[in-house]
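The residues making up each chain are set out below.
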Amino acid sequence: MTGPTEFDLLELATPYALNAISDAERADIDRQVAVASTAVATAFGDEVRAVRETMAVVSAATATDPPARLRGAVLAAVHPGKARHSRWRTTLLAAAAAIAIGLAAFGAGIALRPTPKPTMAEQIMAAPDVRTVSGDVAGGTATVMFSRDMNAGVLVMNNVPPPAQGTVYQMWLVGDKGPPQSAGTMNTAAVTPSTTHMFNDLKHSSVLAFTVEPGNGSPQPTGQIFAKLSLT
Amino acid sequence: MTTAVLESLGYRSMTGPRPSSDLDALLRQVARGDADAFAALYDHTRSRVYGLVARVLRDSGYSEETTQEIYLEVWRNAEAYDSAKGSALSWLLTMAHRRAVDRVRSEQAAGQRESRYGAATVERSSDVVAESAISADERRRVAACLDGLTDTQRQCVEMAYYGGLTYAEVSQRLSANLSTIKSRMRDALRGLRNCLGAP
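Heads up: the sequence lines are chains P and D, in that order. Residue numbers are given in numbering that gives the first Met the number 0: position 111 of the first sequence equals residue 110, and the series is strictly consecutive. Residue numbers are given in numbering that gives the first Met the number 0: position 17 of the second sequence equals residue 16, and the series is strictly consecutive.
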């Protein structure tokens, strides 16, 4: 049975499909559809789809050729050479929630506006062997995207509290052979709600470890490892 | 003939068989990072996308910017397209329309643009020549279906879909109650759908 509330919801299918609603209404409608009975949700979806298909046909009525220069601008924004690998895309999507803020801070160049010269981060993400790992660091989240082929990685930290004044977070690449190699430091000022950090020379390291070190960092870890991410 | 035209547009019957369209295939190739497919997709759809955006934004600079953003989003998010949920063309134009409406609303919120719908306007379709993919016949047919709506129905579609107003804003401008406006919109769309030969 379709109750009064459900009837109200179905009445909104056309305005919804025409984008004739506010963002708040859209969010509210999405919530209602999510909890509606299957029959109502299906009816709503069918109506939205029918309206959108109809307006797609109606678009013939407003069709107008854009200026010719727009073609070059649109096509220049994509990189034929930048092969998009399904695995990295999937991996990236999985990490997207964790790194969304980081990407924004890191610069739209990574994902939003590919630049003619790919940045190192872009190259890492485009690498066929790119991998992503995430973990908790001091109550926040750290995500590392790395590529063995590129021998480099990007660390994105969200909501990780900064280290105490006079100390730094130091990252270490740890492998089976040899002592840990420093992968860089972040001081109090460097750690913001969203922090990104590039590192390279992964070699055969299998873990990215975090310690707190005095001053500007140490040649070898002196503090306890308080977080680590497995690079395997 | 009607069916053939709709199918050539990537329109899928909602109850009958669903012919796969060229645009669907192109979009799947774009999802795999095929830049040639992306160029072809642009060429096949640019006049519909730009025309719709320009109709909503009424400013060629904004329209070019927004069209660029739309195609960049297509390049980045083509894999989000699910052919089980509708045609490629409707996916593209829904996204394009949403972007144009978001833009016009933010411009209006910023007070940079005067409200253009103090008096309801019903404009004829542009006579600007569009890409050859859209035949004059097809344009006439769609225009005839728009003409077939009642004035009040057409006004609602104009104000909401092309003017970027919410149905609540349309109801205020027309001093009509909300359910009347919702009914007009629904009836307008049903009228168009029937006229266009959609099931």
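Simulated from the structure, these hints should not be mistaken for lab results. Computed from a predicted model, the values in this text were never measured in an experiment. There could be a bad hint or two in this list.
One side of the interface only, derived from the structure: several residues of chain D facing chain P at Cβ under 8 Å [said to hold, decoys possible]: (1) Ala53; (2) Met94; (3) Leu145; (4) Gly147; (5) Ala159; (6) Leu195.
Glycine residues also receive a C-beta, built at the ideal position from the N, C-alpha and C atoms.
- request: Any hints from earlier that this structure breaks? Give me their numbers in increasing order, please.
  value: Hints 2 and 4 contradicted; others consistent.
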